[in-house]
Amino acid sequence: MAILKPNRINRLFSFNHFAVIALVLFVGSLGLLLGAVVSYLDYRAFPAIFRNPDIMFALRLSLWTASVSAVLAVMVAVPVGYVLSRFKFPGRSLFDAVVDIPIVLPPVVMGLCLLVFFRTPPGQAIEGAGFRFVYRQAGIVLAQFFTITPYAIRTVKAAFDHLDPRVEMVARTLGYTPGRVFWRVTLPMVRNSIIAGGVIAWAVAIGLFGPMMVLVGTTRQRTEVLATSIYLELSVGRVQTALAIALLMIVIAMGALTLFKKFGGGGFLS
Amino acid sequence: MLKIDHLSINYPGFNLQNVSFEVGTGEYFVLFGPTGSGKTVLFELITGLRRPEAGSIHINGRNLTRTDPACRRLGYVPQDLALIPFKTVWQNVAFGLYSRTFRPKTENRRQESREIDRRVNEILEKLKIGHLARRLPAYLSGGEKQRVALGRALVVQPDIMLLDEPLSALDEGTGNDLMREIKALHRQFGTTTLHICHRREEMLYLADRVAVMQDGAVIRIGNPDKV
Numbered sequence: 001m002a003i004l005k006p007n008r009i010n011r012l013f014s015f016n017h018f019a020v021i022a023l024v025l026f027v028g029s030l031g032l033l034l035g036a037v038v039s040y041l042d043y044r045a046f047p048a049i050f051r052n053p054d055i056m057f058a059l060r061l062s063l064w065t066a067s068v069s070a071v072l073a074v075m076v077a078v079p080v081g082y083v084l085s086r087f088k089f090p091g092r093s094l095f096d097a098v099v100d101i102p103i104v105l106p107p108v109v110m111g112l113c114l115l116v117f118f119r120t121p122p123g124q125a126i127e128g129a130g131f132r133f134v135y136r137q138a139g140i141v142l143a144q145f146f147t148i149t150p151y152a153i154r155t156v157k158a159a160f161d162h163l164d165p166r167v168e169m170v171a172r173t174l175g176y177t178p179g180r181v182f183w184r185v186t187l188p189m190v191r192n193s194i195i196a197g198g199v200i201a202w203a204v205a206i207g208l209f210g211p212m213m214v215l216v217g218t219t220r221q222r223t224e225v226l227a228t229s230i231y232l233e234l235s236v237g238r239v240q241t242a243l244a245i246a247l248l249m250i251v252i253a254m255g256a257l258t259l260f261k262k263f264g265g266g267g268f269l270s
Numbered sequence: 001m002l003k004i005d006h007l008s009i010n011y012p013g014f015n016l017q018n019v020s021f022e023v024g025t026g027e028y029f030v031l032f033g034p035t036g037s038g039k040t041v042l043f044e045l046i047t048g049l050r051r052p053e054a055g056s057i058h059i060n061g062r063n064l065t066r067t068d069p070a071c072r073r074l075g076y077v078p079q080d081l082a083l084i085p086f087k088t089v090w091q092n093v094a095f096g097l098y099s100r101t102f103r104p105k106t107e108n109r110r111q112e113s114r115e116i117d118r119r120v121n122e123i124l125e126k127l128k129i130g131h132l133a134r135r136l137p138a139y140l141s142g143g144e145k146q147r148v149a150l151g152r153a154l155v156v157q158p159d160i161m162l163l164d165e166p167l168s169a170l171d172e173g174t175g176n177d178l179m180r181e182i183k184a185l186h187r188q189f190g191t192t193t194l195h196i197c198h199r200r201e202e203m204l205y206l207a208d209r210v211a212v213m214q215d216g217a218v219i220r221i222g223n224p225d226k227v
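Protein chains in written order, with the numbering used here: chain A, 1 to 270; chain B, 1 to 227.
Excised from the complex, chain B in its bound form:
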């Protein structure tokens, strides 16, 4: 469970004011609002890439407000995807599994390597990008890159997934296909997910609940059809 409590940050030209909400375990929660309303800043606070001036962030009962980003156990897909350009699709997806936080717990190195292989190959097949495993990101389409970024975040089995406008750079057909796949993956993995979007159809299709943001504040929270 994620609990955001009176989170605030001010910097020149922008304020995030007293943002509070809770997201239940396994819930698909959408942050909805226009560009510049503070959704991405809120994500950067949750990931620890920015420090809040006030308020707190709890994940599964642990206060992570001052915790290093490396120890928060999150799966983050930023808007520009940020794939590592010199690593192949396989290496990009496996990258997190070699870190201290997400390294599989096994008895020896050989088992660990086997476990990483198994998990990466499984996620690549689920996202239908197994055939692209040896390609570099520069040779992928927008939809394929998006799948790689999703795979990289999912494979570490994070406590919370953070998706920052994952469909905004895709054409409508590809975006709709991926939207259905994201929903299916959420049903399958049951990972608590926060998703930023400003497309109404996307919000209505994906969200269990929605928080509407405007000018750095949450102005409404509720079920998507009522909000």
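This is chain A alone, in the form it adopts within the complex:
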């Protein structure tokens, strides 16, 4: 039987070469896109946004709403991720799939769902009880929360999946109740992933645009966040201000991603 030898072309274009070229091309393309923003920007516009009270309001609103929604997302992600990772129950796959819906759905649809919900009797009852979300800052937190929580759940669940359950079992034999094992052993072992989940959720929240526009609109000094600021500035032709805000958001996103990687975040969609 003839033995097939790799020919010169095969050696030159092995899968490894292809993979490296794909990486370089993709990262290069992203670099070009980000570079385009930087090169087109008039550098006087960047410091100017820090003197603009409207943009500063949007920055502060973006930071605090994203922080509140990220904390809420983590508080939900830990128990939900734990249940999906550890418990076997009928319909678990269905629950697992439903949790992911906001990841695959266009964010604007989530905003639309929330807007319509507050026109239904249960939604009206909530608003009637004094919890107002539509066209309010609380609505920003709500829209962010529903959109970003799946990212936190994925990150935390992946960490629970990779834990060695024997450590918890031994802790049980050493006299600890399941609750104390969770607080003293399980939770500290996934601490970094919880932080990573919070950071990625926060970064996604900062950049959300669609659900904000639908649920709370973009009113200056009331419900304007950084992502909607770009839209407002572009709509009145202030391209340089829009680019400066975009650069600020790139810096925030890169900082958040660096933190995410530092805390061992990785396959949050695994």
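Be careful, since some hints might not be right.
To be verified - From the derived model, a few chain A residues whose C-beta atoms are all more than 12 Å from chain B: (1) Phe46; (2) Val83; (3) Phe87; (4) Phe118; (5) Gly130; (6) Ala138; (7) Thr173; (8) Thr258.
Unchecked claim - Below, in silico cross-link-like pairs of lysine-lysine (DSS-like), each with a Cα-Cα straight-line distance of 30 Å or less: (9) B:Lys183 <-> B:Lys126; (10) B:Lys3 <-> B:Lys226; (11) B:Lys126 <-> B:Lys87; (12) B:Lys87 <-> A:Lys262; (13) B:Lys105 <-> A:Lys261; (14) B:Lys3 <-> B:Lys105.
By construction, these hints were calculated from the structure, which means they are not laboratory data.
All C-beta atoms in this analysis are idealised placements derived from N, C-alpha and C, irrespective of residue type, glycine included.
Since the structure of chain A is already known, use the hints to place chain B on it.
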């Protein structure tokens, strides 16, 4: 004393059938058999990490078949050791002493803390790992990790020690050294011990008595040289 009486469990692909034996106080009892014969499942039943479908487990006359694992007063060393990765050697060994079951009985917190210090330091010295007290498990060799896991189980002064293939992951020299130390510790503490192994020399050296397991059943019990 440990009494296992007609213990059974079935799950897809495996049955443990009517396992019965007794282990005397202070005895070193070896469960011997090939991989997949049900030895580890039997340990999980004794620790309470699995519930048997039939049969009972008595320790020192108390029926513990349905008792929570936290209240059985056992020292368990699983095959993969399961050290807590973010705790130092000292903290790993002391871990059980902070639980409600194994907390030293003292008059106040200060005495308790002193007693925990004394017991942990004593066991670390006996296992020759005192110098490693501040290290994390990731920075230990296989033999050192094994000693930490042994220390964590011994320090709580359990009614019964359960050792699941404690020497299988070690090279021959380290394994033989540790085997001699385990025997010496058993003589010193006199803790009733169940030990899983599938190496003949290990069984012959350590066991007072042996139960041979195959396909989820105990097929023979007796003195190691006769079995």
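Review point. Hint by hint, which ones does the structure fall short of?
Key: 7 and 13
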